[in-house]
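Can you make the complete structure from the sequences, with help from the hints?
Protein chains in written order, with our numbering: chain V, 1 to 508; chain Z, 1 to 508.
Wrong hints could be hidden among the right ones.
Treat identical chains as interchangeable: a pair holds within one or across any two.
What the hints assert, rightly or not - 20 Å max Cα-Cα, derived SDA-like pairs, lysine to any residue: (1) 206 x 228; (2) 18 x 184; (3) 261 x 95; (4) 76 x 198; (5) 107 x 491; (6) 419 x 464; (7) 336 x 419; (8) 484 x 386; (9) 197 x 498; (10) 191 x 381; (11) 67 x 235; (12) 477 x 377; (13) 160 x 147; (14) 160 x 137; (15) 8 x 163; (16) 76 x 367; (17) 433 x 499; (18) 192 x 389; (19) 218 x 15; (20) 192 x 164; (21) 433 x 508; (22) 385 x 193; (23) 192 x 205; (24) 25 x 49; (25) 218 x 23.
It is worth saying that the hints were derived from the structure and are not from the lab.
If you want the building blocks of each chain, they are given just below.
Number of protein chains: 2
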Amino acid sequence: MPSDIWKKLQKEQPVNLKQAFAEDKERAKTFSIRTEHLYYDFSRQLVTSETIKLLCELAKERDLSGKIQAMFAGEKINKTENRAVWHVALRDPSNPEVSDVLKKIEKFTRQNKLTNIVAIGIGGSYLGPEYLAEACRVYAKPGMNLRFIANVDGTDFAQKTAGLKPEETLFIIISKTFTTAETMKNAETAKKWMQEKLGNSPEVIKKHFVAVSTAKDKVAAFGIDPDNMFIFWDWVGGRFSATSAVGAVPLSLFLGFENFKEILYGAHWLDQHFLNTPMEKNIPVISGLLDIWNINFLGYKTRALLPYCQALSKLPAHTQQVEMESNGKLVDLSGKPVDIDTGEVVFGEPGTNGQHSFYQLIHQGTQIIPCDFIGFIEPQYPVGKASNKEVTHHEELMTNFFAQPDALAFGKDDPLPHKRFPGNRPSSSLLLKKLTPFTAGLLLAWTEHRAAVKGFIWGINSFDQFGVELGKVLGIKVREEILKHHQDPSYKPNNLMLEAFLKGKLPD
Amino acid sequence: MPSDIWKKLQKEQPVNLKQAFAEDKERAKTFSIRTEHLYYDFSRQLVTSETIKLLCELAKERDLSGKIQAMFAGEKINKTENRAVWHVALRDPSNPEVSDVLKKIEKFTRQNKLTNIVAIGIGGSYLGPEYLAEACRVYAKPGMNLRFIANVDGTDFAQKTAGLKPEETLFIIISKTFTTAETMKNAETAKKWMQEKLGNSPEVIKKHFVAVSTAKDKVAAFGIDPDNMFIFWDWVGGRFSATSAVGAVPLSLFLGFENFKEILYGAHWLDQHFLNTPMEKNIPVISGLLDIWNINFLGYKTRALLPYCQALSKLPAHTQQVEMESNGKLVDLSGKPVDIDTGEVVFGEPGTNGQHSFYQLIHQGTQIIPCDFIGFIEPQYPVGKASNKEVTHHEELMTNFFAQPDALAFGKDDPLPHKRFPGNRPSSSLLLKKLTPFTAGLLLAWTEHRAAVKGFIWGINSFDQFGVELGKVLGIKVREEILKHHQDPSYKPNNLMLEAFLKGKLPD
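Shown next, in the form of structure tokens:
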């Protein structure tokens, strides 16, 4: 049953942006949040002050603050798995368990002499660390090379190990349970690759493999030195694990431990902002509430994430995981089917690349896609010179960061119908000083908390992922059919396409 | 006004897949198309034979065949720009203009001694060639290195040129008009980069730069030898240009000319299938009609493209461009606003990576996302050994390709609500023999024609992109404000965030 506040929100009309900006010269100021590190402008969302007030009342009604505090207190809010959701503790310098693991990683990083780091992991053990590695590549230690192998497709292994010298290579096997099918398959292949070249001695594995896992026995059985296993805890969910050893080990090796600490500081800064700032000035809260406004009240169920920053090229894929795995849920915490829409589809590419691709639909399609623009005052690489007549590469990039939200919001009339832009298409803009390990960590935490806000308000569990299980179960059956065919080539499965695959030829 | 057929389709009910498969043992066979190179199974779409019949009637009513023939005949079907849409001619071995350019490219490829190829282009001058390069990387000529610079963000230039020796490097500047802002900015920076290292002699530019363009004067003004300019024609749209010189020059250098020819053969094979096959057995037609069924009659406006193939990692981004730029349109060919939904949002990642990310929402979210699975009988890299007990990497990958569509279609009940899968979520599966230049070209043509089918039926112009113009116009204004600030640092723009950017600091 919708509450009174929900019903009031259903009656709220989206504003007309052209009119709203014309009537209120202060709109850009009123609908923005300015903090030391982030300038968040949501004045081009289709909201009035009343809408924001009602959204904050909705948050109060759903006890958002209480739920945030419970998360920070380490309460077991992941009820289906009876676990805490405590990734904020990973960034809390006062946590002794965390400090111990970080000290061990720091020591390992300082001792390491191997220069080719290959991280084998998938999903949560991959997308967050890869986002951070790309965001911070300009800060990498000279001569260090970091690659990620995620896909079980042999192409990923073959192409990522091409040209690597085994004697200079360190594999990091990242799997909470040390049973993830793709990761263990790649890990076994990595072991063979290493042994073929450096021999079968157990010392080879001890020297060239480390693990990030919670499964000590399995790591030891693989042959990895227990001293080279870095733990995390059951209160760290996969997609929230980038600031645990999952990210710490590869990123400390690649960027240096001090840079990894900066990532933690940035995430911790946003954690504290999230915990301590009143709703109306709280960036993850307001951005999450605006998503709810767009999804549940305006029916806009897809969101575009558009960083004007090539080094953020992997942020959309990581955000896609955090949002869609967390909030793609059909039942509430009590197990009842939800009667509203939950998680949105998130997609995106860095600007300006996306402008030459899918922006056509965003400007002139029949669907409305709310957009998030992210930009920086300073570039990581200063390329080109500023003069009275010329702009730098970064300035050229930023002309687009500033132009696109206005084009979406205000549109343009034209005598020719195909040149008309309807406008009133919502977006938010986030401006930061510079992309550094600190701000990369901050953006990571923003992504995490924004998704959590929505789950708290919808009353769903954003922290489990049972939706991935059925595919695994059915996969086991297919694997059995393939093995039956290995044993008996005349074996015929009850699936025409699988039959073609086993026969090795397309049907006539 | 909806036609009778449209109204009949509105009354059609989506099938229940569990029931439909139980009642009809032949369903997998009936709802599939088998050709020499492609096995397309759409039995898990929510259709009956009647639905398919009505969709084909709709296609007849909208004169789909006539429109396809007009496209192949080179008629000026891009009416807003008064141009033909004739990319199929690029693959037609009987076209003399095309053959001449290809001969010139072949000659250039054979003479080239430079091993670092850097293609500078954006949007249509980038995404198609990059998709093909990644798909065919295993076929690359030994020692050849191909990189793409698209983004105007200096990070893209700096990182892609890092470590390259200028004396071994060839820049290919790809821009139809030779005025694309990002491309020309990167081209100028490339020129400086080269001249700083090899000197200012015009010979340096002549040796290390070639162009793919239609603008002879501008190419010459840049300093490129007219002999090293490769043309295409106004009847080749950007997003349909991968099989023109736009793709031919970088890909022939990277893969060898013979492999590029294979790409053309594959695209041509699909072109002929598209032109000559009756609708009911025509894969681009049926896949386009199924998209219409999902978008317009079931309301599923987002589609996931899920290649179980790491080498197809760039196919989703290319498809996103082809679909969303072509069909994100608000007005029909006569300029009247459409009264139905047009182009869908397309996103995707290779399997199995996506399974550990956004598949949660696809299985258990409140939105239904139709999925396209693509798989191959043989891998590009055979990794791992098959035994009675073990599967190869490719077999492990393919267990997922076969398991996921069934998990989506049939779901699973469970006493625990969060472990329930509703099922009845539609997908199609496409199986091919192996990913080669031929099949990569074939998939490219499938992508192009599938989008065109939808546009033909909706009666929109899929071949213009006026939706990208307004952002460019507003960008010019922002650039002027930045230049004003260069000239007078006290200049204050009428935009708070832009003011912060120009001041170089976040507001207090």
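Comparing the hints with the structure gives:
1. Proximity of residue 206 and residue 228 under a CA criterion of 20 Å is satisfied intra-copy only: 8 Å inside one chain copy versus 54 Å between copies.
2. For a Cα distance limit of 20 Å, the shortest separation of residue 18 from residue 184 qualifies neither inside one copy, at 55 Å, nor across copies, at 34 Å.
3. Taking the closest pair of Cα atoms, residue 261 and residue 95 come within 20 Å of each other only inside a single copy of the chain (14 Å); across copies the shortest separation is 61 Å, beyond that limit.
4. For the identical chains of this complex, residue 76 and residue 198 are neighbours neither inside a copy (46 Å) nor across copies (64 Å), given an alpha-carbon limit of 20 Å.
5. Taking the closest pair of Cα atoms, residue 107 and residue 491 never come within 20 Å of each other, the shortest separation being 54 Å inside a single copy and 51 Å across copies.
6. When the C-alpha separation of residue 419 and residue 464 is checked against a cutoff of 20 Å, the pair qualifies only between copies, where the shortest distance is 10 Å, while the shortest distance within a copy is 46 Å.
7. Taking the shortest Cα distances, residue 336 and residue 419 sit within 20 Å of each other only across copies (12 Å), while inside one copy they are farther apart (47 Å).
8. For the identical chains of this complex, residue 484 and residue 386 are inter-copy neighbours only, at 12 Å across copies versus 67 Å inside a copy, given an alpha-carbon limit of 20 Å.
9. In the homo-oligomer, the alpha carbons of residue 197 and residue 498 never lie at most 20 Å apart, since the shortest distance is 36 Å inside one protomer and 56 Å across protomers.
10. Proximity of residue 191 to residue 381 under the C-alpha cut-off of 20 Å is restricted to the inter-copy arrangement: shortest distance 18 Å between copies versus 38 Å within a copy.
11. Taking identical chains as interchangeable, the C-alpha atoms of residue 67 and residue 235 lie at most 20 Å apart only when both belong to the same chain, with a minimum of 16 Å there against 58 Å between chains.
12. Taking the closest pair of Cα atoms, residue 477 and residue 377 come within 20 Å of each other only across two copies (18 Å); inside a single copy the shortest separation is 53 Å, beyond that limit.
13. In this assembly of identical chains, residue 160 and residue 147 lie within 20 Å of each other by CA distance both inside one copy and across copies; the values are 7 Å within and 16 Å between.
14. In the homo-oligomer, the alpha carbons of residue 160 and residue 137 lie at most 20 Å apart both inside one protomer (17 Å) and across protomers (12 Å), since each shortest distance falls under that limit.
15. In the homo-oligomer, the alpha carbons of residue 8 and residue 163 never lie at most 20 Å apart, since the shortest distance is 62 Å inside one protomer and 60 Å across protomers.
16. When the C-alpha separation of residue 76 and residue 367 is checked against a cutoff of 20 Å, the pair qualifies neither within a copy, at 39 Å, nor between copies, at 28 Å.
17. Taking the shortest Cα distances, residue 433 and residue 499 sit within 20 Å of each other only across copies (13 Å), while inside one copy they are farther apart (57 Å).
18. Taking the closest pair of Cα atoms, residue 192 and residue 389 come within 20 Å of each other only across two copies (18 Å); inside a single copy the shortest separation is 59 Å, beyond that limit.
19. With identical chains, the CA atoms of residue 218 and residue 15 are never at most 20 Å apart, being 57 Å at best within one copy and 46 Å at best between copies.
20. In this homomeric assembly, residue 192 and residue 164 come within 20 Å of each other (Cα to Cα) only inside a single copy, at 14 Å, whereas the closest approach across copies is 33 Å.
21. When the C-alpha separation of residue 433 and residue 508 is checked against a cutoff of 20 Å, the pair qualifies only between copies, where the shortest distance is 13 Å, while the shortest distance within a copy is 61 Å.
22. Taking the shortest Cα distances, residue 385 and residue 193 sit within 20 Å of each other only across copies (13 Å), while inside one copy they are farther apart (47 Å).
23. For a Cα distance limit of 20 Å, the shortest separation of residue 192 from residue 205 inside one copy, 10 Å, qualifies, whereas the shortest one across copies, 47 Å, does not.
24. Taking CA atoms no more than 20 Å apart as the test, residue 25 paired with residue 49 passes inside one copy only; the shortest distance there is 14 Å, against 59 Å between copies.
25. Neither within a single protomer nor between protomers do residue 218 and residue 23 lie at most 20 Å apart by alpha-carbon distance, with minima of 65 Å and 46 Å respectively.
When the structure is compared with the earlier hints, violations turn up for hints 2, 4, 5, 9, 15, 16, 19 and 25 and for no others.
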